[in-house]
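J.: The chain contents come next:
Protein chains: 4
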Amino acid sequence: MAASVFESAHLAQLFPVGEAGRLFTDSADIRAMLLVEGALARAQGEMGLIPEPSGRFIHRAAMEVQIDPAALAPATAANGVCVPELVAAFRAAVEAPEHAQYIHWGATSQDIIDTGLMLRLRQVLAQYDTGLRAVLGALATLAETHADTPMAARTWGQVATPTSFGAQAAHWGAPLLELLNELPALREDALWVSLSGAAGTSAALGPQAPALRARMAETLHLADPRRSWHADRTPVLRLAAWVARLCAALGKMGEDATLLAQSGLQEAVPGGGGASSTMPQKQNPVAPAVLVALARHAAGLSATLNGAGLHRQDRDGAAWFTEWLTLPQLCLSGVAALERGAALAEGIAPDPARMAAVMRGTGGLIHAEALSFRLAGTMPRPDAQAAVKALCLEAGQTGAELADLAARDFPEADLSGVFDPSAQMGQAPTEAHAFAAAVRAL
Amino acid sequence: MAASVFESAHLAQLFPVGEAGRLFTDSADIRAMLLVEGALARAQGEMGLIPEPSGRFIHRAAMEVQIDPAALAPATAANGVCVPELVAAFRAAVEAPEHAQYIHWGATSQDIIDTGLMLRLRQVLAQYDTGLRAVLGALATLAETHADTPMAARTWGQVATPTSFGAQAAHWGAPLLELLNELPALREDALWVSLSGAAGTSAALGPQAPALRARMAETLHLADPRRSWHADRTPVLRLAAWVARLCAALGKMGEDATLLAQSGLQEAVPGGGGASSTMPQKQNPVAPAVLVALARHAAGLSATLNGAGLHRQDRDGAAWFTEWLTLPQLCLSGVAALERGAALAEGIAPDPARMAAVMRGTGGLIHAEALSFRLAGTMPRPDAQAAVKALCLEAGQTGAELADLAARDFPEADLSGVFDPSAQMGQAPTEAHAFAAAVRAL
Amino acid sequence: MAASVFESAHLAQLFPVGEAGRLFTDSADIRAMLLVEGALARAQGEMGLIPEPSGRFIHRAAMEVQIDPAALAPATAANGVCVPELVAAFRAAVEAPEHAQYIHWGATSQDIIDTGLMLRLRQVLAQYDTGLRAVLGALATLAETHADTPMAARTWGQVATPTSFGAQAAHWGAPLLELLNELPALREDALWVSLSGAAGTSAALGPQAPALRARMAETLHLADPRRSWHADRTPVLRLAAWVARLCAALGKMGEDATLLAQSGLQEAVPGGGGASSTMPQKQNPVAPAVLVALARHAAGLSATLNGAGLHRQDRDGAAWFTEWLTLPQLCLSGVAALERGAALAEGIAPDPARMAAVMRGTGGLIHAEALSFRLAGTMPRPDAQAAVKALCLEAGQTGAELADLAARDFPEADLSGVFDPSAQMGQAPTEAHAFAAAVRAL
Amino acid sequence: MAASVFESAHLAQLFPVGEAGRLFTDSADIRAMLLVEGALARAQGEMGLIPEPSGRFIHRAAMEVQIDPAALAPATAANGVCVPELVAAFRAAVEAPEHAQYIHWGATSQDIIDTGLMLRLRQVLAQYDTGLRAVLGALATLAETHADTPMAARTWGQVATPTSFGAQAAHWGAPLLELLNELPALREDALWVSLSGAAGTSAALGPQAPALRARMAETLHLADPRRSWHADRTPVLRLAAWVARLCAALGKMGEDATLLAQSGLQEAVPGGGGASSTMPQKQNPVAPAVLVALARHAAGLSATLNGAGLHRQDRDGAAWFTEWLTLPQLCLSGVAALERGAALAEGIAPDPARMAAVMRGTGGLIHAEALSFRLAGTMPRPDAQAAVKALCLEAGQTGAELADLAARDFPEADLSGVFDPSAQMGQAPTEAHAFAAAVRAL
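Chains as they are written, first to last, in our numbering: chain A, 3 to 444; chain B, 3 to 444; chain C, 3 to 444; chain D, 3 to 444.
Next up, chain A with everything else stripped away, as it sits in the complex (with noise of 0.2 Å):
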């Protein structure tokens, strides 16, 4: 076990989050806030707040100088956050005094981190969108595909009545597309310039600031809030919800894959599966368990993230930093899952045959519903329902088939269909279509 399996090179390909691990590095951090530092220095610049070449000089200095992380770590103990010597490295590096007097100008170091941070999540969200259009394009294929797939629905574990895999693969997928669409939103609410000082007033950046605060936003492509935010988390907040639903919704499909591919039933193969250290056959289906612990992992998270929602004050260095241990873990969390969840959903493969053997397995009891609600059309739904309630007694100890023995007790019923898995789908293949059409006009 490495500190954390994202940074592990033996288990990055396990939890794979490829581009986003990158942007959770010490080079991306330092980069991004260079990036807020220049953009803030050449508005300033441009609207007369601080020398108009210096602004120009800040922000291409932002841009090439190099910093090195270990440098800044005494600093950082000491002073909680990095933007100091930062600002003082970059100073020193820019060896321009005039100019580089005009750097952090009127701005906080949680200005720069939060601002940093925003530029780096929303490419962040940018993978999540392309990794939920992958997973959703893999699964309106199976929803299309197996919508008149017929396979055994399954309640407390027990077999229900019959559905079809092309359902399974949309009711997987809902919630996904639900999250997707939300998307453009929470690309609005939670991707918010900080720009308003030491304590939320801006008073060291003028009357100007708001405007300020705009016109960085416009250039760093983030929406203004129109106010300060250090002590208020409603957009990392927001985030923190989207991706521990994110997670949720693709560790359903993860254990969803692992029951169906269970030795005995094997209603389908994850694909990928693994093998044993000591055991030949195995098969293991090792992407359902990533996405269920990333699953887990990820409610956890944002549970302690939501605690510091909590900040206390006008900035709270402690709710901060727990945002720092917990945040980036979820979202890479978000990354690994989208990932593992493409490919499974792109190499599952069901087993028509296999679903046909279990619901056929069931001695008919699958279809105990559907044969209550036929002999309900001659009798009270009560006297058909009891009725059928003990034909399944009598077939779960006599082990005949219940089409058998609804024959003989209701010689008169016409039972056509009552037990033939396809024709008792109900809505399963009109909603695996449903879905697949609005994932295509995605």
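The list cannot tell twin chains apart, which means a pair is met if one copy fits it or any two copies do.
Heads up, simulated SDA-like pairs for lysine to any residue below, C-alpha to C-alpha not over 25 Å straight-line:
(1) K391 / A80
(2) K391 / A358
(3) K391 / F421
(4) K391 / R362
What the hints contain is simulated information worked out from the structure, not anything from laboratory work.
Once you have looked at the hints, place chains B, C and D on chain A.
T.: Just chains B, C and D now, with coordinates in the frame of chain A:
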């Protein structure tokens, strides 16, 4: 400690839930489920799916029948859900088997329980709406009245720069305003009718199932998700995330109020202070502590709910039960937090004189940033900052006023206003007024 | 959904808490606090700290007085704690001001509430003891009876190698046995008397405070921590961690029972299966689902409690309230889990024939590891493993039995016993018997 | 924000983990697993289960072989565990197939990974031991030095009665002392060897499996649980609960230090205070904030770990992965908390003058309880309490000193010492000395 503070007689006003308490009782539970059964039957009757008189009869009977919750207990323990026994009791009570057989036609327990829950959650949301408006109204008054009342902003518990008490109130209100603005969408997106039968396929409801569900949604003033959501807890998770944020926002106000009220600072009195059993002088900030505790509870409950988003297969008793254990507690936490939050917002009494004294007590250090920026007008800012830092150190060691030291060292500088809190509040008054205006415009 | 499932009439047996339910009621709460006040006064009287007759009078009165919880509500809401009003009501009720003035002498609310809680927690622990012995007894019977009943062990949901059902029961019981063995220490280490006055210094209790606390501890059968613990929640956190593990252990049994009972596998019937409101054939594993849900709830509650371990300063209302919100729910979750766990352990019916069928259904693949080790007797193990892997693949594709393929390719090998589950259970029977013996030796 | 603060170069000293950081790296991970493979082979050789020379060869090779973690990544992603590929790479590297075939004989991946983890957890516990002693030593010095330094105790943030700073230090240390005292038992009860093969039955290890496991335990200095614990996470949960409590205890110290350091109170300076990027005067209590954040993180992680206690069946990839995601973060949180906690305990500088000033600032109200008990010597206590309450109110309104008002109204009463903090600290000095003595006696 009672099993649940929300049901304790002696804690009833410490954690007040008002009308919402009644929504989470056995009788409200059963009443809501009967309402759903009634609406279902009437809709089915109108659509010709069951005899129309039976539909009307059941609808009427559902409003009148009395079911003893305790009588359902044994069967509920066995079945996991009370619906089978509730339906049986309902059927028995109406003494009209010709109609009674059509009760619960084609539905499953989860349809009834989840839709019944949604009916109550709609009322919970209404109470949240009312509660939010009450808190916001009181905060808007505070923001307006004290838009220009200087006080010390604090970061890391340390005095930072001047702000205004009105801005504090605005900052407490800002996340609440966001939440109120999200409420209409939440009503649309989190209050869903459930009607998809035994395993989500609506098979027993026949081909008109989607139309039936739509009609139910309309009748019950719920949204129609146009699909099964037995195993997709999106609406519940949306609600949970919103309530957790609500409690966090109010908890933050509680934290701040506790800190403002501290002996030795006493910048505000929370109102309604509590007596000690042994210390005659005590005025404890009880309501603020309640707000913090509810926020902590809500964060934990919402994490557990998130984990319960991983419903397995088509219906998952374990995940669903987990909702039963947590969602009512979460909803009631939100209600209690709003109740006490409103009282706190109405009762909190800022003490401008104490606020001024606290600022003066820093020996002018609260104006260090302002001084450094003023000096930066005539020297490079790093130099200014270093000079001010040295003065701060001297002030700290000697007890001298920063203003005096600055005048000593920079006799030529124009330091007017630098040491005047009311001239150094930056955007605080503006943000306070803007918040109040936004609330007034609701 | 009721506010708390543990107080709902219709859910009372689904989440049964038996006697423990009474421990977390207003009246038990007040009764316990009065007991503490009585014990305090008597001890103080005996030690000459207050007049001895007053001590005796208060002690007796505390057992007899009737206090209406609802009457305490308004003052409790203001004070945060009910004790000031409870003491006032007690004083008023006894109608003997000469004695009554010595009620609550030198104590603080938290002394009374925390010690009162401990008295009830002691009873909760007693119920845990009883419950654990019941579960363990039933599991020991299962372990012994089925020590040699072969079944398929599963890893990642896939059949791995043979084990025995008795070993499964032993594995369910093992963590419970650890918990039971920890119980005496928990009783010592988590049930503390609290008596340290207003702010933990016992100042108003005078120099004999430590002796007084020791005497109280002895009288009340609690441990004396020999210091103040108002703000050190060690005992509560110890208990919470233990209960969370208890619920996790029982939740694991619930998960496994659900999986064993799945349609198509049916290796065991959990007993007490639940009916569906629409599907006549259903026998839902309700108790197992309850166990899983309680485990999820307990994990969340225990996290919140852990967070409440951060009491600020000398007494922290917010952290303390958080305990009130969570600890009773956690304790009752443990009780309900034991109740349903015991019934499950007593009622679960393994089906050896189905177990054998499941193993046969793998076409002998469950014996792949055994085969590879047998072959490794005559060839390098990597070669043996590769050879067996190839045979497993062939078996999977052709449906041939692994035994036949092995006989075909390794005609000279002695494969006796390799394909006989009862010869391949390794230490499973031994572990089953050892567990049973350990339980019998309790 | 880096993916994990513990692996970030610029945050490395803000969240310092020292040597422990190296324990949670890929190379330490692989090194530990190889150690386990080596110990296994040697033990098997000595017991005659594999050729003795092979056992020795493998044992030696395991210490020398170099495996590239990155090379394991693709297979690990497929298999879920790195062991199959690690074993293959190990076999290939040793270039001695006659011995290599005996590598990993009869073990399963989880045996190797869990035992390898335990070897590292032993070192983590050793670091906890060291860290705890450092914190306790520093706190004992504080407790002793300031046993009689009066300061205001606070409840609900309000001044309550006098205590001593030494007692505060003792209260910070008390839960840490409990934790240290539990450490030997934790070492016994939470550091288990795992050796039970593919599915917990040790089948491939043969009848000597228990003896082999015992020998492994002895060699590796781990405890032998005498059974399989693949799916029973008792040791992990024990450790997690302990670490969560550790972080909570240190977090409490962080909370208190932050509050003591507040501007306007400044009763103590935490030491190592951090600079602001814009406010020259700031000395932020950074270490205390880190402690609080780590405590919040640890509580969340430990909840997730608790949930992962529900391993399904005989090995559960999802639950196990969840440990990988959380346990290293939890362990490192504990290490970092101890590192910063020790520095805080060593560096915190109480300011007795400020403490006295804070007490004086209450106008004597801090002595209200003492006054009421003094007066209760000559009048009924309820009367005394009411009289004092009235005086407190008057003092609050008029600014008069409580001492003066008391002298005015009770001229005959002996009020000596009542208004002297150093005479009103109750057991605080005693508890401080007792704590220091207990630490010195370690």
